[in-house]
Amino acid sequence: MCVLFTILNFDNGKGWISLSAYWQSVVGGLVLLAVVVLQARLADSAQRPSGDAAGCPMVPLLPEAPVRGDLGLALFGSHHGRRVYEIALGKPEGVQTKILTWGAVIRDLTIPVGPEHRQGVVLGFESFADYPAHSPYFDALVGHFANRISKGGFVLDGTGHVLIPNESATTSLHGGPDGFLQRVWDVMDLSRDSVAFGLASQDCDLGFPSVLTVRCRYALTGTGTLRAEFRAQTTHTTVINLS
Numbered sequence: 001m002c003v004l005f006t007i008l009n010f011d012n013g014k015g016w017i018s019l020s021a022y023w024q025s026v027v028g029g030l031v032l033l034a035v036v037v038l039q040a041r042l043a044d045s046a047q048r049p050s051g052d053a054a055g056c057p058m059v060p061l062l063p064e065a066p067v068r069g070d071l072g073l074a075l076f077g078s079h080h081g082r083r084v085y086e087i088a089l090g091k092p093e094g095v096q097t098k099i100l101t102w103g104a105v106i107r108d109l110t111i112p113v114g115p116e117h118r119q120g121v122v123l124g125f126e127s128f129a130d131y132p133a134h135s136p137y138f139d140a141l142v143g144h145f146a147n148r149i150s151k152g153g154f155v156l157d158g159t160g161h162v163l164i165p166n167e168s169a170t171t172s173l174h175g176g177p178d179g180f181l182q183r184v185w186d187v188m189d190l191s192r193d194s195v196a197f198g199l200a201s202q203d204c205d206l207g208f209p210s211v212l213t214v215r216c217r218y219a220l221t222g223t224g225t226l227r228a229e230f231r232a233q234t235t236h237t238t239v240i241n242l243s
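Numbering (my numbering), first residue to last: 1 to 243.
It cannot be assumed that every hint is accurate.
Said to hold, decoys possible - So the derived label-pair ranges between C-beta atoms look like this:
1. Ala133 x Ser168: 20 to 26 angstroms
2. Val155 x Pro115: 31 to 37 angstroms
3. Glu93 x Val239: 40 to 46 angstroms
4. Asn166 x Glu93: 38 to 44 angstroms
5. Glu93 x Asp157: 38 to 44 angstroms
6. Thr234 x Ser150: 32 to 38 angstroms
7. Val155 x Pro177: 28 to 34 angstroms
8. Asn166 x Gly114: 24 to 30 angstroms
9. Pro115 x Ser168: 50 to 56 angstroms
10. Ser150 x Pro112: 42 to 48 angstroms
Hint data in this document are derived by calculation from the structure and do not stem from the laboratory. Where a beta carbon is used, it is the ideal one built from N, C-alpha and C, also for glycine.
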């Protein structure tokens, strides 16, 4: 700002601003230099793998949906400033389940055994703090990519994508640190027998290419079955393995 103010000439206080021919050439040279520097940076960015996580901050794309307390929904904790809810599905005489908005975790699943007894069939904690501390994968929806991707990334259609490792120096496990199983999902639809979650990630999220919108729906059927449906929509070619 100081340099700019020193080269401005005011014409007799009339409010018009002009530059001398000398300073016009100086400013022109500075503008040309800035354009060259910008072009060089753009060229350097284009040469880097599109999955370079250093330049890919995560931005939430979906708003948090309103919740309905009359449909078995209760506050269970909080994660990175967002509330984590537990959603209870089922009827007293049938299969019952409790699902968290954090990681779409199936926290509890019980079946009736006899007239007065219920049997739990999944492992779960009673408090939210135990999940990120002791159980990052218990009954959660895993993504971007369930299982491992080694060698620091992958090549897709001739383009290299660098992932953020979380198991070893070069291995991404279940999508990497802060994967889908460690995020708070949005409640998109809720009834007494089903819940639908939504999650969106931007291009380069943890190194994976393409904007990605994921939907997960849990539903209890009349036959006493808990059905899980996963769907994903992308804007570009990518790799995804939900589990």
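Hint-by-hint comparison with the structure:
1. Ala133 x Ser168: 20 to 26 angstroms: Given range 20 to 26 angstroms: holds, Cβ gap about 22 angstroms.
2. Val155 x Pro115: 31 to 37 angstroms: The hint (31 to 37 angstroms, Cβ to Cβ) is violated, given that Val155 and Pro115 are roughly 59 angstroms apart.
3. Glu93 x Val239: 40 to 46 angstroms: holds, 43 angstroms
4. Asn166 x Glu93: 38 to 44 angstroms: holds, 43 angstroms
5. Glu93 x Asp157: 38 to 44 angstroms: violated, 53 angstroms
6. Thr234 x Ser150: 32 to 38 angstroms: violated, 23 angstroms
7. Val155 x Pro177: 28 to 34 angstroms: For Val155 and Pro177 the Cβ distance comes to about 22 angstroms; the hint is violated.
8. Asn166 x Gly114: 24 to 30 angstroms: violated, 44 angstroms
9. Pro115 x Ser168: 50 to 56 angstroms: holds, 52 angstroms
10. Ser150 x Pro112: 42 to 48 angstroms: Hint holds: Cβ distance 45 angstroms, inside 42 to 48 angstroms.
Checked against the numbered hints given earlier, the structure breaks hints 2, 5, 6, 7, 8 and satisfies all the rest.
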